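These protein sequence lines map, in sequence, to chains A and B. Using this note's numbering, the letters of the first sequence map in sequence onto residues 1 to 204. Using this note's numbering, the letters of the second sequence map in sequence onto residues 205 to 368.
The reader is advised that the hints may include incorrect statements.
As the list claims (entries may be wrong) - For lysine-lysine, the following DSS-like pairs were computed, each having C-alpha atoms within a straight-line distance of at most 27 Å:
id, chain 1, residue 1, chain 2, residue 2
1, A, Lys152, B, Lys333
2, A, Lys63, A, Lys145
3, A, Lys65, B, Lys333
4, B, Lys349, A, Lys153
5, B, Lys271, B, Lys320
6, B, Lys349, B, Lys244
7, A, Lys63, A, Lys200
8, B, Lys244, A, Lys152
9, B, Lys333, B, Lys244
10, B, Lys260, A, Lys152
11, A, Lys152, B, Lys285
Note that these hints are calculated values from the structure, not bench results. All of these numbers come straight from a predicted model, not from anything done at the bench.
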Amino acid sequence: MKRRTFWTGLAVLATAALLGTVVLVADRLSPKKSEQGQGRAAIGGPFSLTDHTGQPVTQDILKGKISLVYFGYSFCPDICPTDLQLIGQALDQMTDEERAEAQALFITIDPERDTGPQLAGYVPLFHPQLRGLTGTPEQIDAAAKAYRAYYKKVSAEEAGTSDYLMDHSAFIYLMDRNGTFVRVFGHGVEPAEMLEWFRKVRVG
Amino acid sequence: MRTFAHRLFLSAAVLLLAGAAQAEISVTSPFSRASAPTAKAGAAFLTLSIDAGSDKLLGGSSPVADKVELHTHLMQDGIAKMRPVDGGIPVTAGTPTELKPGGLHIMLIGLKAPLKQGESFPLTLNFEKAGAVSVNVPVQGPGAKAPMAEHDHGGHGEHSGHQH
Ligand SMILES: [Cu+2]
Numbered sequence: 001m002k003r004r005t006f007w008t009g010l011a012v013l014a015t016a017a018l019l020g021t022v023v024l025v026a027d028r029l030s031p032k033k034s035e036q037g038q039g040r041a042a043i044g045g046p047f048s049l050t051d052h053t054g055q056p057v058t059q060d061i062l063k064g065k066i067s068l069v070y071f072g073y074s075f076c077p078d079i080c081p082t083d084l085q086l087i088g089q090a091l092d093q094m095t096d097e098e099r100a101e102a103q104a105l106f107i108t109i110d111p112e113r114d115t116g117p118q119l120a121g122y123v124p125l126f127h128p129q130l131r132g133l134t135g136t137p138e139q140i141d142a143a144a145k146a147y148r149a150y151y152k153k154v155s156a157e158e159a160g161t162s163d164y165l166m167d168h169s170a171f172i173y174l175m176d177r178n179g180t181f182v183r184v185f186g187h188g189v190e191p192a193e194m195l196e197w198f199r200k201v202r203v204g
Numbered sequence: 205m206r207t208f209a210h211r212l213f214l215s216a217a218v219l220l221l222a223g224a225a226q227a228e229i230s231v232t233s234p235f236s237r238a239s240a241p242t243a244k245a246g247a248a249f250l251t252l253s254i255d256a257g258s259d260k261l262l263g264g265s266s267p268v269a270d271k272v273e274l275h276t277h278l279m280q281d282g283i284a285k286m287r288p289v290d291g292g293i294p295v296t297a298g299t300p301t302e303l304k305p306g307g308l309h310i311m312l313i314g315l316k317a318p319l320k321q322g323e324s325f326p327l328t329l330n331f332e333k334a335g336a337v338s339v340n341v342p343v344q345g346p347g348a349k350a351p352m353a354e355h356d357h358g359g360h361g362e363h364s365g366h367q368h
């Protein structure tokens, strides 16, 4: 158990450092450069999950759509709703044609609480087009690893609260029609900025 | 000059003392966010101010939740960490304490029913000196970032009004 904790901690540090770098790089590079920028190959990859309607999904759902992908948990009353709302607003600001090519995915990092039915009640609060994805802890772990998303359960005892909490990275990933990573947006990003990037990717 | 300054200091001190005895807490701009039908948690946001001296928010209770806790969010390198606030939330005269998304919030754990946009619920806050202060918290859209000032900013753009 101790050993596992150590390796988890190490992975977490590496992930945080990598993500930090990616954000910095993405922010500093000009749009054109960033599209071919580094980090592109490092983020994204195969996943096998189940959506909030019970339908099994893989990374293939990214194909042909321009996607905004977010990792979070529905118990989070604060950070996740804010970011999901911003994603919803970005979708709302699109033209109908653009929206038809857009996809928004909320991948839970708290599969224990976020079952399909829980997500089915949660995701429509933010946008009818938002799709919630859950899975077994192993499946969630693999998806989070592919996206370099960080999460960690903090027990109620450890946190000093009446229920357990999840620490998690709060990034919105933009993926192109091939399912290739374009860039990340940080917590609280303006919908207009997401839209601007969406449009850049859309026209290629 | 020295006497004047001295007198000024004294009267200020007297005012402060007088103020502390009858300090009044105000809780303004409360709001909450609509929750999923099966949500286990929610949050309330509000602004605390005091007209003189200081006080401390220690906790609270509400009929809508099993537990009311004081939480904050720490953002470290893009990682969100929600944690309980140790030792209460201080309120000092002159600087209102804002509990708002992304930081301090009142966490409602064990929701007994979903929080529905357009409805409101009572929340009692317990202060170290002022004791219990009750406030009615309106429920806004699921991602509302601020208390509703202009009409209907609660939901997400054009889909927001459907629960009214
Ligand atoms: Cu909280």
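Results for each hint:
| no. | hint | in the structure |
| --- | --- | --- |
| 1 | A:Lys152 <-> B:Lys333 | violated, 38 Å |
| 2 | A:Lys63 <-> A:Lys145 | holds, 20 Å |
| 3 | A:Lys65 <-> B:Lys333 | violated, 57 Å |
| 4 | B:Lys349 <-> A:Lys153 | holds, 26 Å |
| 5 | B:Lys271 <-> B:Lys320 | holds, 19 Å |
| 6 | B:Lys349 <-> B:Lys244 | holds, 20 Å |
| 7 | A:Lys63 <-> A:Lys200 | holds, 17 Å |
| 8 | B:Lys244 <-> A:Lys152 | holds, 19 Å |
| 9 | B:Lys333 <-> B:Lys244 | violated, 31 Å |
| 10 | B:Lys260 <-> A:Lys152 | violated, 31 Å |
| 11 | A:Lys152 <-> B:Lys285 | holds, 10 Å |
Checked against the numbered hints above, the structure violates hints 1, 3, 9, 10; every other hint is satisfied.
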